[in-house]
Amino acid sequence: MDRADIESRLRDVLVSELGLDGAKINLEANFEQDLDVDSLGVVELLMAMEDEFGVKIPDEEAEHIHTVGEAVDLVHTKLNS
Amino acid sequence: MTERSAKAGIGASITGWGKCMPPSVLSNHDLEQLVDTTDEWITTRTGIKERRISHVEVSDLAKVASLHALAAAGRAPGDLDLIILATCTGDSIIPSTAAVLQAKLQAWNAAAFDLNAACSGFIYSLVVATNMIKAGTHRTVLVVGAEKLHYHLDFTDRSTCVLFGDGAGAVLVEATDQPIGVLASEIGMDGSAAEILWTPRDGTAGDRDFPRPTECGIRMDGPEVFRRAVTTMGDASVRVIKAAGLELEDVDLLIPHQANVRIIDATARRLGLDPGKVFINIASYGNTSAATIPVALAEAVEEGRVQPGDDIVFAAFGAGLSWGAAVLRWGDRVEPVSVSEAALPPPDRTTMEMLQPNIDFFGQGAGQRP
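Residue numbers (numbering that gives the first Met the number 0), protein chains in the order written: chain P, 0 to 80; chain A, 0 to 369.
What the hints contain is simulated information worked out from the structure, not anything from laboratory work.
Hints are not guaranteed to be accurate.
If we take Cβ atoms under 8 Å as the criterion, some of the chain P residues that face chain A in the derived model are [unchecked claim]: (1) Ile5; (2) Leu9; (3) Glu16; (4) Asp37; (5) Ser38; (6) Val41; (7) Glu43; (8) Met46.
A quick note: this is a predicted structure, and the numbers were derived from the prediction, not measured.
By construction, the Cβ of each residue, glycine as well, lies at the ideal position given by its N, Cα and C atoms.
With the hints as constraints, model all of the structure from the sequences given.
Here it is, written out as structure tokens:
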């Protein structure tokens, strides 16, 4: 799965599972500042990513995810390592 | 461990239901006066609009809910042979609050004990009641969830004080030869992570002469509780549905513990359950711990959401960390046999006056950011 596929599927999850505004989602968007994702929302995001991509995201890796692009990169690395 | 209960012989069905919500309301707008928060912030993050504050003791809330449940079943207190009171906010440490309730009901033929499994207390108690009936030692068991959580609320901690409320719900569980009642259940505990939701030393471990506010209020790591609650309630529900020999499509109603609407939504999504099959009343009451499920069940029956033979799933997660899930097949009764006039005395103080002892002890957080 390449980055574009991951971004596309992540975008669908963000809209359908977290109820985010699709128009605001881009790789630079910061979850907390630009997309209004709060602390529970971050947990929902991580769980949704784990379900969607079948990966496991430990807390220490989760701490480095601030933007949509960073989430895409993390999934890409995990799927291709 | 997941337990399958549907075997030949004696079963245990819910034959009566009742609730008692104290009349004094604490709205999100009221909380804006006490802590640095807003109605919009609380509503979008928790689904809670208001909660109730009790002017009476837990045993009083439990008594009124119990009398409604007994009336719905056409039973009298003297018919009871066991009372299980699920609570983590009992009137006192000695005796059990179940003992106080027994006396207030004049249920002199009933043994009685408290069961503390926090928010999972009602499911734990329902499982214990079912198994004692199936063991043949008891036949008419009152199961009550009753809490006065506002006692523990620290209004300098805006992440917890907006979540909880007071109230009571009760069911009557009776022996039956029909294949109804709890079909499958699971209760569990992970005590290794207790400190993510607790009152650190608000018991005999505390210092009686110098009770410390930081050790007595409810403390919680919200995101961690959220993650564990969604995963555990969802997975345990799947296991009990399977153990009962049912498919997800067979579930008529999910009555989850009402802690946060986002936990409920995420759990339902994880299960793949139609949102129309999920009972939610958290906006009115907040989290009343062991009382949420019996209160919600009573309201579901009153609103016609429960039909004869329905398969209902209960799921809860709470301090401990405890959890429970059960599949219950409802019997025929959806109308009460009779209705009790029991009610609480009117409040003698305003809601804010009832919260003053908390503010005196813990302090007040308006204008502060924790």
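Should the interface hint for glutamate 43(P) be scored as holding, given a Cβ-Cβ cut-off of 8 Å against chain A? holds, 6 Å
Should the hint that serine 38(P) touches chain A count as held when the rule is a Cβ pair under 8 Å? holds, 5 Å
Interface hint status, glutamate 16(P) versus chain A (Cβ within 8 Å): holds, 7 Å
Once the shortest beta carbon distance from leucine 9(P) to chain A is found, is it less than 8 Å? violated, 17 Å
Close enough to count: is the Cβ of methionine 46(P) nearer than 8 Å to one in chain A? Given a least distance of 7 Å, the restraint on methionine 46(P) holds.
Are aspartate 37(P) and chain A close enough, Cβ to Cβ, to be under 8 Å, as the hint says? holds, 6 Å
With chain A as the partner, please determine if isoleucine 5(P) meets the hint condition of a C-beta pair closer than 8 Å. At 21 Å from the nearest chain A Cβ, isoleucine 5(P) fails the 8 Å test, so the hint is violated.
Under 8 Å is the threshold here; is the Cβ of valine 41(P) close enough to any Cβ of chain A for the hint to stand? Since the shortest Cβ distance to chain A is 7 Å, the answer is holds.
Consistency note: the structure conflicts with the earlier hints numbered 1 and 2.
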